[in-house]
Each structure stands twice: as structure tokens, then as C-alpha cells.
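A.B. asks: Single-letter residue listing:
2 protein chains.
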Amino acid sequence: MAKTEVDIIVEARYLLPMTDTEVISDAAMAVKDGLIVEVGKKEDILSRYEPKTLLGGNNRAVLPGFVNTHTHAAMVYFRGLADDLPLKQWLEEHIWPAESRMLSPEFCRDATELACLEMISSGVTLFNDMYFYEDASAEAIKKAGLRAVLGAGVLDFPTSIAQSTDEYIEKAEQFIKDWIGDELIMPSISPHAPYTCSPETYKKTIDISERYSIPVHTHLSETAWEVQEIKNRYGKTPIEHLESHGLLTERMIAAHVVWPTDREIEILAERGVSVSHCPESNLKLASGISPVYRMLKKGVHVSFGTDGAASNNDLDVLGEASLASKLQKAVAEDPTVLDAKTTLRMATCLGAEALGLSDITGTLEKGKSADFIVIDLDKPHLMPIYDIFSHIVYSARASDVCAVVVKGRVLMNDYEFKTLDKEEVFGKAKRWAMKIMEGQRV
Amino acid sequence: MAKTEVDIIVEARYLLPMTDTEVISDAAMAVKDGLIVEVGKKEDILSRYEPKTLLGGNNRAVLPGFVNTHTHAAMVYFRGLADDLPLKQWLEEHIWPAESRMLSPEFCRDATELACLEMISSGVTLFNDMYFYEDASAEAIKKAGLRAVLGAGVLDFPTSIAQSTDEYIEKAEQFIKDWIGDELIMPSISPHAPYTCSPETYKKTIDISERYSIPVHTHLSETAWEVQEIKNRYGKTPIEHLESHGLLTERMIAAHVVWPTDREIEILAERGVSVSHCPESNLKLASGISPVYRMLKKGVHVSFGTDGAASNNDLDVLGEASLASKLQKAVAEDPTVLDAKTTLRMATCLGAEALGLSDITGTLEKGKSADFIVIDLDKPHLMPIYDIFSHIVYSARASDVCAVVVKGRVLMNDYEFKTLDKEEVFGKAKRWAMKIMEGQRV
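Sequence lines, in order, name chains L and H.
All letters in the first sequence, in the order written, are residues 30 to 471 by the working numbering.
All letters in the second sequence, in the order written, are residues 30 to 471 by the working numbering.
The list treats identical chains as interchangeable, and a pair is accepted whether it falls inside one copy or across any two copies.
As a list, the in silico DSSO-like pairs of lysine-lysine whose alpha-carbon atoms are at most 30 Å apart:
| hint | residue 1 | residue 2 |
| --- | --- | --- |
| 1 | Lys408 | Lys447 |
| 2 | Lys70 | Lys457 |
| 3 | Lys436 | Lys408 |
| 4 | Lys408 | Lys451 |
| 5 | Lys464 | Lys70 |
| 6 | Lys464 | Lys408 |
| 7 | Lys70 | Lys459 |
| 8 | Lys464 | Lys370 |
| 9 | Lys32 | Lys61 |
| 10 | Lys370 | Lys457 |
| 11 | Lys457 | Lys408 |
| 12 | Lys81 | Lys61 |
| 13 | Lys370 | Lys459 |
| 14 | Lys171 | Lys408 |
| 15 | Lys117 | Lys326 |
| 16 | Lys370 | Lys117 |
| 17 | Lys117 | Lys327 |
| 18 | Lys464 | Lys447 |
| 19 | Lys61 | Lys395 |
By construction, these hints were calculated from the structure, which means they are not laboratory data.
Next up, chain L with everything else stripped away, as it sits in the complex (with noise of 0.2 Å):
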């Protein structure tokens, strides 16, 4: 019987679809037209199919691409800027001075190819943005072929960027018309966050969100100091205030949620808003230490973010993960909590759900796209191999990942970069370096 023609089988000693099966050892995977045509064990997928293209290998783990449901891509380019400081003297002696002075949509979207090349160097395929000029960011995503939500940030007060409410939001929506529709590109809406935007302002952002059936992204409950602030203006804490708005829809992903109260748990789970968990920004900016394992426990859905690489210092969801599996069986006193499998989920299926993408991405069945990654397990921080859950949360580093396939093109195999001249992006990455550095002297 002649074979099947297929652009791509991906070969993998575990294949972790993600789905209710938990694992396929010896197992590989046909792609053809962006799509998952079969998913199996290696020999039945070889002896029916004919690629053109083999990936992965006999020591490789497949796995749905990482999902980062919280960052400021363009910000990489501030990596470093400043660090080790209390948050208020952070933004507004560093970032905020920084920002005003250098952004412009070149930047944003000269600074978005290297935080995708940063992504796609570290497994993650699909990514939830807040930001400026992303129309200028969704160019280099495009051009990187990674999939992602973009959301232009809504503020009350006037920046660069729009002088009202009124104009940011008209930018927002003249940005989801003209990229509604696109097949990697989902734009949002983003009203910063509760101490930057009115109750009325989140209203105009959430019906924006219902019309064109898009998520709304904001930032909520992050710092004790935003929880006193609501406090003083509204008399009540951040989600309270939300909910008593009726602002709290199964469309939100809230970034953050550091200090909720166990009646806000109880609020997030029944109006089914999406809560990322960005640990390593909230523990560097003391922050402090958001309780997911009260969360799941609850109820609540709860994936990954990054936030910027300015407070991180990097666009890692692996090492987000790992780190909040270890963090949460520590505050919660229960080296039970968020195990391996969970937390993969949350990493993986669970962040494509918070973005409403379930149905395209975030699992490797037939018929979804062909989002995914391949892990390098030849290494030695990686030998033996009891659990390749275990393994993939606790011991593997994002940059174990050696391949990155997003709608079947392939972004990076074998470490090289296939989308993106990485020379390129490091040359345009220095010469703006030393445009901020600059401006910082004066």
C-alpha cells in the first residue's frame, strides 16, 4: 500500500499529547497543511506516511509548545536595566523614563523579534501581550511565525501613545478590526489594571471583549500597595471592586492575583476568570507570593506568565513552572500540590484554554494545529529517566528544547533558528541598547 505524503513526522521516545492520554512512548506524529493528522506509535505512523520533513529522535520528548498567558514582549530590550530595586523607584527613575523616551513602533517591533527569538529558543509557541505599538509587534511575530494574543493597553491617563480614554480605546478597537480573523494573531483588549483604569473604563473594555468575542487582559491584586489603593478609592480590594461591577467575565486573564481573600478565590472561580501565575516577576519585585495552591484548590483556572523580561529576567515559562511547582508545595506545606502532571498542564493546555485557543492549540490530537516542541533529552542533568513528567518540570531547562514547529512551519530544529536571522536581531538588539544607555546618562 503507498504511503500517505505528510510535510512533517516528528519521532519522540515519550509524546506527551496532553490530552487524556498521558503518554506515548516510541511514538510519532504526521503533520500536514499546519494540522495534526495522526498521532501513534512510531511504527504504525512510519509505515503508513511519507514525510518530507523528520524531526525529533530516539532520545527527544515531544510536547505542545509552552504557553506564556502574561507578558510585555517589547520590553526585553530593557533586560537588565535595573534591578534590585523597591518597585516604585524601579518604574519611575528607570523603566517609565526609559519607556517614554525610547518607545516608538520600530522599537516595539525591532524589541518583539528578539523576545520571540527568546521564545522560540525556549519552547514556547503561543504568548498573551500587553503592550504598545502592537501593531508593529504582531509584524515581527508574523515574520517569527509564533502564534499570539495581542492586546493594546488601555490607560487613563495620557501617554505617547493617546491623550484620553477615549482615543486608547478607539486605537485598541481599530487594531482588533484590522487583525480579527488572522490565523496566528488573536488581538484582545488590555485595561492595565485597577488603580490605572476607572470601573467605567474596564465597562467599554469588557463589551469591546463580548462583541468581537476576544479575551481581556489586565493586571490585577498584584502588590499589597494596589490592594490598599483600591481600598482608599472604592472601599473594597481589587476583585471585590471588579465583581461589584460586573466586571469579571470567563474572558479575563488577570496577571498576577497575588493577594486575593478566600472570598475572591471563591469570586475568580464562579465567574471563570483565568488567573496567570508570573512567580519569578512577583518574587524579584517582592511582590509577594500568590496562592495557586488555594486557587486550584477552588477551582480556579491558573496558567504561567513571564511578565516583561525587565522584572524577571526572561521569557521562560519552563522555568516559570518548575519554579512555581517547587514554590507552591513549600507555602502550602504539601509536597503534593502542583505535581508534575498539573503543572505541565498549566504550562501547556491549560494556558491555550485561558486564551480561549482550546480548540486550535495546546494539545497534540488530530485535527488541532501543529503547535509543538521537542525536548533534547541527551543531556546529563537529564539522565536517567524514571518520569518524563517529573523530568520535564523538575530537571529540564528551557534550553533542552532543540525544536519549535508552530501550524507545521518549523521555527528553530536543532537549535538553529529557521524564521529569524539571529544576527540580525542581536545587531539591531545592541544598537538600541546603546540608544537607552544614553538616554540614561543624561
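Position chain H against the provided structure of chain L, taking the given hints into account.
C.D. replies: Chain H only, in chain L's frame:
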């Protein structure tokens, strides 16, 4: 003028001596007969020395190797054997049965080879080990070319190693006699913990450490259970208990110290005891979070350990340092604690100091042993660079280490291992893992 012949010149965009000189840019270092001959500007070094081997390069950072002040290297063969379990169940149902079935000189030698391969690949040049059959481990370490402090474990109950406390101590002393004076291996003495060793046993080990001028390596105040147990037995918390018997000395490296009281922190500072902070193991086993920032404030000497790979699950000191820095900021509610420079000192020169080896290693200075690593900065997650300390602590990964040199011997260069045969080490790991799994199934 004729150039002086040296064995190695290593070039660096940034050279971090970890002395009062913070950074030398466009630097180089000359090495001859295992020792550092000179550190300075590249132009100057290259004009005066002629190397047999040229390492490093324009986009590289050079610094002393990382120091792992607490591990059980041979436990790498149990990596990922059991996870997400309470400590008691993990130990009693998985680790101890596996150890009692498997441990032998051959097992420890082969496993330590894998541990050395992993530590070399992660930039560790010196480690402090406590386990069994350290003679066999020493053989593997000499072959790998790493520097290590090795202590045979002493316990008050019988195992396959020894039938009585005296037999453990006799064997440990024999090991000391056999290895003292070795150029890479420094023997130590390792009473396991206050709950497994009586004060009399500790006293014997302290006497031996004084007699031979060697370190005492112990576990101390690791879990809330231990604190309660020692209180029940002796009426005192663990550190006060050892103090009351005069058992705390400057030669002691105390691993973990998760639960010290304020008074106990003062005692550690007064006695000059070094603490090996192992945050990943402490979090993953839900032992707790050590108050490192409070210990530093009181002048306690703190460095980093990985613990064994069975509870971590790797031997990555840089990962511990990066985590510790962020974690302490959150628990201190102060983002200025464990800043990048302090943290990197803890991971390098302060580790060497803890082990009593700071005359030999831990900084890059004329006359010190040429123990250094090269970090490859040519990575997306390391672009752009404003502050090399921030980059190494907050952005770099162990996998960015591209070269490792100990005592002038190149152990890894361009990510290629030079002293151990990777395939051979992996082959042994696979064969031993099969035996371990067979045992687990019974």
C-alpha cells in the same frame, strides 16, 4: 621583547575576578602550571604572553566556577525516581529501599561520574559531598578533574556501610588519611544530622576535624519535624542543642538551616558556622523557606548547595542562586536584599571560603588555582547587556556555560566534555537505572 609562554589565555568581554575589582572589560587571563599568572586587559596580556591554548572570546564572560556547598552527588541515579511525595514517604518507601538495594562502590563511582558530567556542564568547579563509598566517588572525580570536599557519612544506626558509630568513624578517618594532601580532593567528616547522631558522635567528628584541619559537613535544622524531634529529645532547638555541647565551629558547613530562631542565628554568626542554603530542595520537599536575608544581616556566612538530585532535581548552583535571590526578596518584602553582586559572591568565592579553600580557589587572582568558567553571552535571553552581574544571576542559565577549567585543565570547551566520555557515562546510567527500576517493581 619575546613573549612568555603560558598554557592558557582566556579572553573575555567581561572578566569577574570576584575580588574588590568588580569587572574588567575586554579582559584576558594567563594560566601556567595550573595557576593564574596574570589577570588584566586583553591587549596587555596578549602582548606579553603566548598561549598553547586560547579560550573564551569577545562575547564571553569569565568568572570563578560555581561552588556547590551541599550535595550527595551519587544520588543522581535516583533523579526523578519519586516526586511530589511527603518527605517521610519519599524516604521510607522510595529512596532508602533503593539505596539499601543498590549502594556499592561501583554504583557510587559510576553515579558520581554522571554527577561530575552534570556539574561540569553547569559550571560547578568545586563541590562539597556527603555520601557513602566516597573512595569510589573520589576516583570518578579525579577522572573528571573537578575539585571536591568529600565526607563519609557518620550515623548512630547500622547500615550496609557500618555496624556501629565507631565503625563509621573508623572508616571515615581511614578515608581522611588516604586522601589528605590530594591536589583536588579534600576529605571532610560528615555527621549526618542532630536526629541521627548523638552529641557524643558529633564530639568525635569535631575532634577529628580539628586534628586534620578539615571541614565538618552536617545537616542542620532542615525541617519543622527535626526541630520538634530535637526539642523532644534534648529540650532544645537543634542549633542551641549543638551549641550547648560546644559542637559548633568555624569548620562546620551546616546544610539547610531552614528553621533557625533569632537566637540561633546569632549563635551561627558568633561561632562562624557556614550555612549551605539549598532552596530548591527545601521548597520541593516542602521543608520551608530559610530566612537567609536575616542570617546575612547578622553576619552569618551563607553559600549555596543543590542537595542531591533525588530531591531537587538537578545539580545546578546557578539555578539555586537565582532562585534564592528572588525568593529572599519576597520573604523579606524588600527587593534590595541578595542583590546580584552579593548573590554571585555567595555562589563563588563565599562557597570556597566556607570549605576552607579560599587560599586556593574562588577568585581569579595571580597565584590562585586556575579554576574558572566561561559563559557564552551569544544567546537571545542574554541580549542586550547593561549589567553583567544582573545578567548572570537573573538571566543566564547553567546551560550558557561553554567552558570549564580546573587547576589549568580544560574539562569542557565549546560545550564539549574533555575528560569524561559522555556516551560511556550515559550508557552506564541507563544500565544502572534498569536495575533500579527492576528493584522498584518487586
